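Fit chain B to the supplied structure of chain A, relying on the hints for placement.
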Amino acid sequence: MMSMIGGSAIAGDGGYQVGDKASGFKLKNVDGTWVSLDDYKDAKGFIVIFTCNHCPYAKAYEDRIIALDRKYARAGYPVIAINPNDAVSYPEDSYENMQKRAKEKGFTFPYLFDEEQVVYPVYGATRTPHVFILSKSGSGMTVEYIGAIDDNYEDASKVSARYVEDAVDALMNGRKPEVTITKAIGCSIKAKKS
Amino acid sequence: MMSFPFNVAGQERLGRAIEGHPREIVDVDGVVIPVYDFEGFKPMLASHEEVTYVINFWATWCRPCVEEMPHFIQVSREMKHENVRFLYVSLDFRKNLEKGVVPFIRTRGIEDQVVMLNDPDANSWIGQVDAEWSGAIPATLIFRGNKREFHEKMLTYDELKSIVQSFLKQ
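One line per chain: the protein sequences are A and B, in this order. Heads up: the first sequence is residues 0 to 193, going by numbering that gives the first Met the number 0. Heads up: the second sequence is residues 0 to 169, going by numbering that gives the first Met the number 0.
Some clues are possibly wrong.
Said to hold, decoys possible - Lysine-lysine pairs mimicking BS3-like chemistry, simulated, CA-CA at most 30 Å apart:
no.	chain 1	residue 1	chain 2	residue 2
1	A	K135	A	K25
2	A	K175	A	K70
3	A	K43	A	K104
4	A	K175	A	K135
5	A	K157	B	K41
6	A	K99	B	K79
7	A	K58	B	K94
8	A	K58	A	K25
9	B	K98	A	K157
10	B	K41	B	K160
11	B	K160	A	K191
12	B	K152	A	K58
13	A	K192	A	K175
14	B	K168	B	K152
15	A	K192	B	K160
16	A	K58	A	K157
17	A	K135	A	K27
18	A	K104	A	K157
19	A	K40	A	K135
20	B	K98	A	K104
21	B	K152	A	K191
22	A	K102	B	K160
23	B	K98	B	K168
24	B	K79	B	K152
25	A	K43	A	K20
26	A	K157	B	K94
27	A	K27	A	K99
28	B	K152	A	K192
29	A	K58	B	K160
30	B	K152	A	K20
31	A	K70	A	K192
32	B	K152	A	K27
33	B	K94	B	K152
34	B	K146	A	K58
35	A	K99	B	K94
36	A	K20	A	K70
37	A	K104	B	K168
38	B	K160	B	K94
Read the hints as simulated data drawn from the structure, not as lab findings. Keep in mind it's a predicted model, so treat the numbers as computed, not measured.
Extracted from the complex, chain A is given alone in its bound form:
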């Protein structure tokens, strides 16, 4: 079961732009609990990352995603990972395999299953990994950054532009991110076949 709060599940407009209000959601985590962004009373924002088990680009970023949570969760910007893929066509992305991966890698953040595939179209995620940084305020959640984690999927030691870190650092200092949109090569998100 899933639910969308305050948003429509129709992706006609192609998803969020920076500045849009982001919808909440309630999705199942690998530990069996249902997670909603509202559960995080102390969070100042979120690093929402659409990612999965099977995609080599997503795998290449796993350690860096773990590092982001380690760096920013306690500062108020936890990572929220969401697997948007069709597990029927891609059994490697099944809920059971998500649980295995989270355990093997020691994920410190929720790894949620967008089983009905209603969250990713609203966000407008097109590939894995795909990041949406949200900031929280009295009026709800605002999209502050959309795109890649950094500028080198192949070699973490050769990264020169740390897009997500720079964006969260800016938000933590009361500023808007300088770079708000980036693109990256990634595996297309696998929609269920009708």
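Coordinates of chain B only, in the frame set by chain A:
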């Protein structure tokens, strides 16, 4: 394994001059693959009035890319005598070139040119291929003269054939 720039045999096997400015040319027992960063690859995006270019962005690990490839191979064979050129741009990791991409080309019997685009700062060039491209693959760019289409999706045989035919008709 022979390497640029003395790879005359490699160029002969390719059947054409190596275009653009590859950073290296990998030749594994006759399968010749130039490896580019985006600046070196850009000349291959230059259009031509008479030639229709079909540029497919793919990777060996991308299942829909692999599933649509037979459609491309078939359309290319059927259009052998037309002024169409098919180019496959692999976005595999560089370390997978000799062990993954080359055997894949051999097994599939791909006869058209395959190149590798190895430029991890993808954000700097994705928009130069197409402003609307999100970076997801498979994606196919088709152009001739001023006419240009970009398809960020897996193409069926029928879709690909009819798109290419619409370019040839001009």
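We went through each hint and held it up to the structure:
Among the hinted pairs, K135(A) with K25(A) is consistent with the structure: their alpha-carbon atoms are about 17 Å apart, no more than 30 Å. As the CA atoms of K175(A) and K70(A) are separated by approximately 19 Å, the hinted pair is consistent with the 30 Å bound. Simply put, K43(A) and K104(A) have alpha-carbon atoms about 26 Å apart, close enough for the 30 Å limit, and the pair holds. The hinted pair formed by K175(A) and K135(A) meets the criterion: a straight-line CA distance of about 13 Å does not exceed 30 Å.
Under the criterion of a C-alpha separation no larger than 30 Å, the hint pairing K157(A) with K41(B) is consistent with the structure, at around 23 Å. With a C-alpha separation of about 49 Å, the suggested pair K99(A) and K79(B) falls outside the 30 Å cut-off, and the hint is violated. As the CA atoms of K58(A) and K94(B) are separated by approximately 15 Å, the hinted pair is consistent with the 30 Å bound. Only pairs whose Cα atoms come within 30 Å are accepted, and K58(A) paired with K25(A) is accepted, the gap being roughly 25 Å.
For the hint pairing K98(B) with K157(A), the CA-to-CA distance comes to about 23 Å; that is within 30 Å, so the pair holds. Distance restraint check for K41(B) and K160(B): the Cα-Cα separation of roughly 26 Å lies within the 30 Å cut-off, and the hinted pair is therefore satisfied. Among the hinted pairs, K160(B) with K191(A) is consistent with the structure: their alpha-carbon atoms are about 25 Å apart, no more than 30 Å. At most 30 Å may separate the alpha-carbon atoms for a hinted pair to count; K152(B) and K58(A) meet this at roughly 22 Å.
With a C-alpha separation of about 39 Å, the suggested pairing of K192(A) with K175(A) is violated against the 30 Å cut-off. About 23 Å separates the Cα atoms of K168(B) and K152(B), which keeps this hinted pair within 30 Å; it holds. Distance check on the hinted pair: K192(A) and K160(B) sit about 23 Å apart at the alpha-carbon level, within 30 Å; holds. Between K58(A) and K157(A) the CA atoms are separated by roughly 17 Å; this keeps the pair inside 30 Å, and the hint holds.
For the suggested pair K135(A) and K27(A), the alpha carbons sit about 22 Å apart, so the restraint of at most 30 Å is met. For the hint pairing K104(A) with K157(A), the CA-to-CA distance comes to about 23 Å; that is within 30 Å, so the pair holds. At roughly 10 Å between alpha-carbon atoms, K40(A) and K135(A) fall within 30 Å of each other, so this suggested pair holds. Note on K98(B) and K104(A): the hinted pairing holds, with a Cα-Cα distance of about 27 Å set against a maximum of 30 Å.
Straight-line distance between C-alpha atoms of K152(B) and K191(A) comes to about 15 Å, which keeps the hinted pair within the 30 Å bound. Between the alpha carbons of K102(A) and K160(B) the distance comes to roughly 46 Å, so the proposed pair goes past 30 Å and is violated. At roughly 40 Å between alpha-carbon atoms, K98(B) and K168(B) are farther apart than 30 Å, so this suggested pair is violated. The hinted pair formed by K79(B) and K152(B) meets the criterion: a straight-line CA distance of about 24 Å does not exceed 30 Å.
The suggested pairing of K43(A) with K20(A) holds, with an alpha-carbon distance near 15 Å, which does not exceed 30 Å. With a C-alpha separation of about 15 Å, the suggested pairing of K157(A) with K94(B) holds against the 30 Å cut-off. In summary, the hint linking K27(A) to K99(A) is supported, as the alpha carbons are separated by about 15 Å, within the 30 Å threshold. For a cut-off of 30 Å, the pair hint linking K152(B) to K192(A) stands: about 14 Å separates their Cα positions.
About 35 Å separates the Cα atoms of K58(A) and K160(B), which puts this hinted pair outside 30 Å; it is violated. Annotation: proposed proximity of K152(B) to K20(A) holds, straight-line Cα distance about 28 Å (limit 30 Å). Of the supplied pair hints, the one linking K70(A) and K192(A) is violated, its CA atoms being roughly 38 Å apart against a limit of 30 Å. The suggested pairing of K152(B) with K27(A) holds, with an alpha-carbon distance near 29 Å, which does not exceed 30 Å.
The hinted pair formed by K94(B) and K152(B) meets the criterion: a straight-line CA distance of about 26 Å does not exceed 30 Å. A threshold of 30 Å between alpha carbons decides the hint, and for K146(B) with K58(A) the separation of about 38 Å lies outside it, so the pair is violated. Of the supplied pair hints, the one linking K99(A) and K94(B) holds, its CA atoms being roughly 27 Å apart against a limit of 30 Å. A hinted pair counts as satisfied when its Cα atoms are at most 30 Å apart, and K20(A) with K70(A) qualifies at roughly 25 Å.
Restraint check: the Cα-Cα separation between K104(A) and K168(B) comes to about 54 Å, which exceeds 30 Å; the hinted pair is violated. The hinted pair formed by K160(B) and K94(B) fails the criterion: a straight-line CA distance of about 33 Å is larger than 30 Å.
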